[in-house]
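Produce the entire structure from the sequences given, and follow the hints as far as they go.
Chains as they are written, first to last, in UniProt numbering: chain A, 1 to 703; chain B, 1 to 703.
Keep in mind the hints are simulated off the structure, nothing from the lab. Honestly, I wouldn't trust all of these hints.
Straight-line Cα separation of at most 35 angstroms, DSBU-like style, residue types lysine-lysine; simulated pairs [what the hints assert, rightly or not]:
{"hint": "1", "chain 1": "B", "residue 1": "K321", "chain 2": "B", "residue 2": "K82"}
{"hint": "2", "chain 1": "A", "residue 1": "K164", "chain 2": "A", "residue 2": "K150"}
{"hint": "3", "chain 1": "A", "residue 1": "K214", "chain 2": "A", "residue 2": "K82"}
{"hint": "4", "chain 1": "B", "residue 1": "K700", "chain 2": "A", "residue 2": "K492"}
{"hint": "5", "chain 1": "B", "residue 1": "K700", "chain 2": "A", "residue 2": "K29"}
{"hint": "6", "chain 1": "A", "residue 1": "K214", "chain 2": "B", "residue 2": "K279"}
{"hint": "7", "chain 1": "A", "residue 1": "K249", "chain 2": "B", "residue 2": "K82"}
{"hint": "8", "chain 1": "A", "residue 1": "K633", "chain 2": "B", "residue 2": "K258"}
{"hint": "9", "chain 1": "B", "residue 1": "K348", "chain 2": "B", "residue 2": "K249"}
{"hint": "10", "chain 1": "A", "residue 1": "K234", "chain 2": "A", "residue 2": "K348"}
{"hint": "11", "chain 1": "A", "residue 1": "K460", "chain 2": "B", "residue 2": "K700"}
{"hint": "12", "chain 1": "B", "residue 1": "K232", "chain 2": "A", "residue 2": "K103"}
{"hint": "13", "chain 1": "B", "residue 1": "K700", "chain 2": "A", "residue 2": "K234"}
{"hint": "14", "chain 1": "A", "residue 1": "K82", "chain 2": "B", "residue 2": "K633"}
{"hint": "15", "chain 1": "A", "residue 1": "K258", "chain 2": "B", "residue 2": "K232"}
Number of protein chains: 2
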Amino acid sequence: METDPFSETPNENVDYVIQFKFAGPGIDKNVAEDQLSKLLRALDSVGLRTEIRDNDDTSLFVFVRVKSHRGFVAEVYRSRIKDWLHGIRPAAPEKETQKSLEKEPVTEAERLRLVYHLITLPVGQGGAGITPKIGEYTLVEQIFALHDRKFNSQWLKTWSTTWKVSPEELTNLRDRFGERVAFYFAFLQTYLVFLAFPCIAGTSAALLLPAYSKFFAVVNILWAVVFLEYWKRKEVDLAVAWGVRGCSKLNNIRAAFKFERIDTDPVTGEKVKYFPEWKRLLRQGLIVPFALAASGTLCGFIACVFAIEVFISEVYNGPFKSALVFLPTVLLSGINPILLGFFTTVAKRLTDYENHAIDEAYEAAFTRKIFVLNFITSYTPLFLTSFVYVPFAKVIVPHLDILGLTAQELTDEKQTHTHSFEINPNRLKKQVIYFTVTAQVVNFGLEIVLPYVKRRVFKKVEEFKDSAPSSPALAGSEAEKKFLERVRDESKLEVYDVTSDLREMVMQFGYLTLFSIIWPFTSVSFIVNNWLELRADAIKICVEMQRPVPLRADSIGPWLDSLQFLAWLGSATTSALIYLFADDANFGPGGSPKPLTIAGVMTAIVLSEHIFFAARMLVGIGFDAVESVGLLKERRERFLVRKRYLEESMGIEADEIDTDVITLGDSIKDVGGRGGFWRAGNVAETYGIGADIIRGKLEKKEQ
Amino acid sequence: METDPFSETPNENVDYVIQFKFAGPGIDKNVAEDQLSKLLRALDSVGLRTEIRDNDDTSLFVFVRVKSHRGFVAEVYRSRIKDWLHGIRPAAPEKETQKSLEKEPVTEAERLRLVYHLITLPVGQGGAGITPKIGEYTLVEQIFALHDRKFNSQWLKTWSTTWKVSPEELTNLRDRFGERVAFYFAFLQTYLVFLAFPCIAGTSAALLLPAYSKFFAVVNILWAVVFLEYWKRKEVDLAVAWGVRGCSKLNNIRAAFKFERIDTDPVTGEKVKYFPEWKRLLRQGLIVPFALAASGTLCGFIACVFAIEVFISEVYNGPFKSALVFLPTVLLSGINPILLGFFTTVAKRLTDYENHAIDEAYEAAFTRKIFVLNFITSYTPLFLTSFVYVPFAKVIVPHLDILGLTAQELTDEKQTHTHSFEINPNRLKKQVIYFTVTAQVVNFGLEIVLPYVKRRVFKKVEEFKDSAPSSPALAGSEAEKKFLERVRDESKLEVYDVTSDLREMVMQFGYLTLFSIIWPFTSVSFIVNNWLELRADAIKICVEMQRPVPLRADSIGPWLDSLQFLAWLGSATTSALIYLFADDANFGPGGSPKPLTIAGVMTAIVLSEHIFFAARMLVGIGFDAVESVGLLKERRERFLVRKRYLEESMGIEADEIDTDVITLGDSIKDVGGRGGFWRAGNVAETYGIGADIIRGKLEKKEQ
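Now the structure itself:
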């Protein structure tokens with residue numbers, strides 16, 4: 001039976017579980033045994049203690065924990081020193097390890113991170129070099145941490161009972177799941193709060209202002225600008241508060257990085273894996289054909305579906321129309337994900353091929369591609385409607401009569417294709433509503449409900465094949481059985497990927513900046529969705545996913561650029577939309593809009609773009625005027641460090657110096673001397689001379 | 001008689017000369033004497049030795065030098081520690097002062113900088129707080145260093161005899177005049193070298209390609225992009241090589257800064273002068289009306305002159321025409337400088353009023369205003385011709401007949417104003433040539449020749465009033481008399497302002513990016529001019545100006561933004577110009593260009609702009625692929641520092657720690673224990689269990 005996710009079984013002090021596969025196609029018993037012993041020794045060598053239990057017929061679990069208290073403390077201290085030396089922490093940790101640990105106790109996230117590094121880092125860099133499937137440990141299936149159910153249940157309780165997630169909550173989260181996850185929730189929370197504004201603006205615009213009101217558009221874009229500028233600074237604050245600022249520069253070498261030759265680093269003089277940058281650049285060139293192919297296919301497909309839809313809903317009215325109208329939606333929601341999935345894998349392959357040496361670089365490169373793909377699939381339909389269908393429908397639709405003829409054959413009604421075409425007034429708005437409400441709801445279901453069902457089903461399947469009787473050595477207590485049961489469950493869960501959640505939010509933000517002018521209520525739908533999302537994601541992490549390895553991050557990473565891009569594009573499209581539809585606002589985008597002159601659109605775009613950048617600059621200046629809390633904190637800490645050193649150095653009086661050997665330029669030579677030009681021995685004498693001159697001159701004058 | 005600027009009189013070990021005014025309107029004798037003694041005591045208190053000589057009837061010279069060798073050495077050491085703590089130098093100076101000074105001997109620039117700080121820094125910050133005319137030392141006229149004629153003559157010799165200024169030369173320069181000046185020459189040299197490319201491109205374009213060739217335009221803009229991206233990185237390299245990277249963040253408090261109240265710094269806890277940021281922002285708001293007024297006036301004036309010119313040269317042909325044609329030029333070159341000068345002073349006032357606390361901020365704010373003013377005065381005429389005159393002349397010029405009528409009265413020829421108007425084919429090109437060749441030559445004369453003449457004249461005037469007989473106390477050697485003579489000369493020289501030289505180059509770069517499409521030879525004229533300029537500026541510094549105080553800088557500062565702006569604008573205007581004139585290239589911009597459709601221009605601009613930014617991004621990425629020398633050097637140094645520390649910290653084994661007091665999360669508790677879940681005592685045992693499981697399962701399978 002399934003264990004209640006919120007029951008309070010302890011984790012038996014296990015830090016990580018390594019799933020080791022010993023049987024299966026092409027796995028030799030001896031190889032398995034060798035690798036296992038190698039694995040255990042490797043773990044032992046970096047000060048980790050191991051314990052083994054069985055899982056199923058093909059794999060077993062290696063439980064890992066820290067072996068020696070002292071060793072680990074030193075580990076912590078070293079990592080903090082390292083952070084300091086890389087400028088991540090402004091001040092060095094206390095010289096006495098003990099004091100420093102009392103001052104800053106080790107959070108669970110920090111502990112898990114360090115242990116994870118002990119397991120995964122290359123042997124050279126103080127790790128055991130164990131990376132699932134990559135490298136020498138081909139039989140290592142996965143490495144995962146175990147959920148702290150007690151904390152999880154508390155977490156979910158508090159969040160489900162409070163309206164707003166407090167900063168303390170976030171810090172709390174960061175202490176358990178690391179900065180990377182915490183940053184996502186921080187962003188989501190900030191975004192949620194900020195949404196309140198466009199909600200009010202949108203609602204009042206919808207009620208009071210004409211559709212496509214310039215005023216609302218300006219407010220909306222300005223809001224986006226302010227939000228992003230604010231978040232940029234908020235990020236810094238959080239990074240400083242969490243002591244991770246600049247950690248993204250720490251450059252963790254990717255395990256999957258294939259080097260061309262071993263080379264000596266010009267800086268460190270150490271032997272390092274080398275792969276020529278120019279080659280990488282060349283490989284990155286492949287982005288161009290990829291982008292063309294992907295966007296071509298996706299846009300093409302969407303356009304076709306679009307055409308079919310228009311035809312069926314507005315030209316065709318033969319039999320089965322009532323049924324056929326659903327065809328496009330079916331096609332879209334059926335095939336689109338497949339295409340997207342396909343191209344995503346290609347993108348991944350491409351990024352692998354680019355062979356980045358550093359995790360951050362890899363992720364950035366991949367994220368960019370993902371963004372483009374999602375951008376196309378999410379927004380193309382709306383772009384088509386607003387910039388192709390509405391302006392040009394009258395021109396295009398008739399050509400759909402090729403289809404119209406076939407339609408005619410199916411029916412007797414002669415007027416089918418003489419049937420005069422009319423642009424559907426509310427299509428655009430309808431679409432926006434579909435994408436911003438329906439899609440959100442569906443997606444929500446897919447994210448929360450579906451996996452739950454899936455798990456239940458799998459569980460049932462599992463229960464058919466009775467689990468193997470554990471060998472005598474493993475006969476443990478009831479609690480242990482329960483624990484192992486739980487471990488097996490968690491081993492089957494998916495790995496949580498914060499990127500996908502971030503992507504979701506970014507795309508949502510896009511709808512807001514690009515199209516909310518069409519339907520001002522957009523933000524209302526989003527604020528509801530996100531309030532739920534925030535909680536749903538918490539549940540997802542606790543129940544549906546393995547416990548994420550607490551990695552560090554000092555921002556939401558490359559997604560910030562995507563957000564900025566969307567805000568900018570929003571300024572352009574919004575103005576274009578207004579230019580197109582504003583005048584006949586009363587009967588919506590439907591009625592024939594004024595003839596689209598390129599001049600108009602271009603001017604609109606040029607204007608809004610430049611205004612946008614100006615606005616962004618100004619807002620930025622405004623924010624900078626008030627120094628952020630984080631930067632202030634940082635400056636203070638850095639200052640204190642400086643002060644300490646300066647005071648030390650002030651002590652230095654130059655008595656111990658043999659002055660002759662030092663070259664300070666001529667002016668310092670023969671300082672003591674009174675000969676030649678420098679006659680005055682002291683201030684008094686100098687002043688005397690001065691006074692004489694003054695008197696002399698003045699008397700001369702008076703004569 | 002005038003002393004030969006290159007004679008090798010030594011500076012009597014004087015570091016700085018302070019000119020002190022004791023007589024004049026509203027100066028009381030006693031006040032003067034008090035201030036003088038105060039001054040001398042202040043200097044003495046910061047370890048500076050003084051000597052006094054007379055200058056003229058109203059002022060005397062206070063000569064300043066370092067008093068104690070030891071004290072100064074400590075000063076140097078402290079300042080270097082400070083640099084390290086602020087991250088300007090990666091590594092701390094050697095603990096033993098002596099060693100550190102042997103390793104990095106004090107350059108003349110460093111010495112003069114430190115002495116200057118000793119004189120000028122506020123009393124709180126280890127200086128004597130002496131700032132000319134500001135604060136308590138109202139009678140201090142100026143503080144200036146003395147030229148090292150020996151070095152100067154060598155400098156000019158080498159530069160006038162070599163084609164290219166070598167990096168060593170620049171470093172040499174930096175050691176004498178400080179980074180600020182050195183950066184200007186470094187920029188000029190880099191720019192000069194880069195100019196070779198557009199020279200070739202331009203010449204071949206002029207000879208082979210049709211006028212307004214798109215190809216040349218792209219090449220030209222691309223060149224600008226590459227140049228700027230290169231320079232950005234070059235700047236960093238130089239800053240690192242000269243050990244000043246990040247020194248612009250050191251934030252020197254302005255002497256003229258007026259504080260509202262004394263406040264405690266949230267960071268340092270020290271009492272600091274406080275002026276609310278919001279107030280400053282409000283005051284900065286004044287930029288708007290100022291910009292409007294200035295641009296309005298300047299543009300208006302230029303437009304009028306322009307109209308007059310067009311009228312005289314192309315409509316009017318009454319009497320005196322031959323003379324009248326010069327009127328516009330006279331007006332322009334007569335009144336424009338006055339207007340510009342006026343607005344520049346206003347801009348200065350405004351910036352003063354903005355009351356920036358930090359030198360850098362003040363300079364940035366002022367530079368921005370200056371740039372706008374110069375932008376208008378330099379480019380408006382050409383913009384008028386290309387975007388108003390040529391496209392709309394046919395429409396506008398007839399209105400000039402109001403003048404035409406008056407003209408008619410002066411003459412009998414009836415056809416004067418029936419005289420049909422024709423657009424002057426070569427006006428645009430002529431103008432560009434005027435601004436890029438004639439103007440450069442004139443300006444060159446103004447910069448080099450005029451001041452020389454001026455000085456000669458003043459010199460003569462001086463010689464009429466025989467200098468006062470020096471009082472007995474001062475009867476010095478011949479050499480001394482000669483020396484004082486020289487000091488008096490130098491005291492009369494102007495203060496060298498690197499900004500104005502930079503501005504000149506920036507505006508020149510503007511002509512290149514904005515208009516060289518009209519006359520591809522532009523860059524040829526510039527390369528010649530700049531080759532001379534580079535040397536002329538050297539002469540200027542050596543002969544026409546006082547020795548600049550060697551200030552530090554880690555870039556050419558705010559001018560970089562101006563350059564980027566010009567490159568960007570260039571991409572827009574060039575495409576617009578091409579759109580306007582390309583087709584009828586054969587008979588130049590003159591013949592009636594195709595009717596200007598806004599759509600076309602807008603499209604051209606949108607396209608080129610976006611292409612421009614894309615190109616800039618790509619070029620940037622390309623450059624980043626190859627790591628810059630400077631950054632490499634810096635990384636190496638930082639690495640070495642880290643290594644040292646890490647090795648120290650590695651020593652820490654955690655034996656001295658009382659493990660019980662430290663909280664490392666539960667998993668660390670009862671590490672030794674073998675009870676409960678953790679039964680295996682060592683790797684062997686663990687492995688044993690694992691092996692059993694594997695065998696067990698596999699046997700089960702085989703059955």
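Going through the hints against the structure:
| no. | hint | result |
| --- | --- | --- |
| 1 | B:K321 / B:K82 | violated, 69 angstroms |
| 2 | A:K164 / A:K150 | holds, 22 angstroms |
| 3 | A:K214 / A:K82 | violated, 53 angstroms |
| 4 | B:K700 / A:K492 | holds, 23 angstroms |
| 5 | B:K700 / A:K29 | holds, 14 angstroms |
| 6 | A:K214 / B:K279 | holds, 32 angstroms |
| 7 | A:K249 / B:K82 | holds, 25 angstroms |
| 8 | A:K633 / B:K258 | holds, 27 angstroms |
| 9 | B:K348 / B:K249 | holds, 23 angstroms |
| 10 | A:K234 / A:K348 | holds, 31 angstroms |
| 11 | A:K460 / B:K700 | holds, 23 angstroms |
| 12 | B:K232 / A:K103 | violated, 43 angstroms |
| 13 | B:K700 / A:K234 | violated, 59 angstroms |
| 14 | A:K82 / B:K633 | holds, 20 angstroms |
| 15 | A:K258 / B:K232 | holds, 32 angstroms |
Hint compliance for this structure: hints 1, 3, 12, 13 are not met, and every other hint is.
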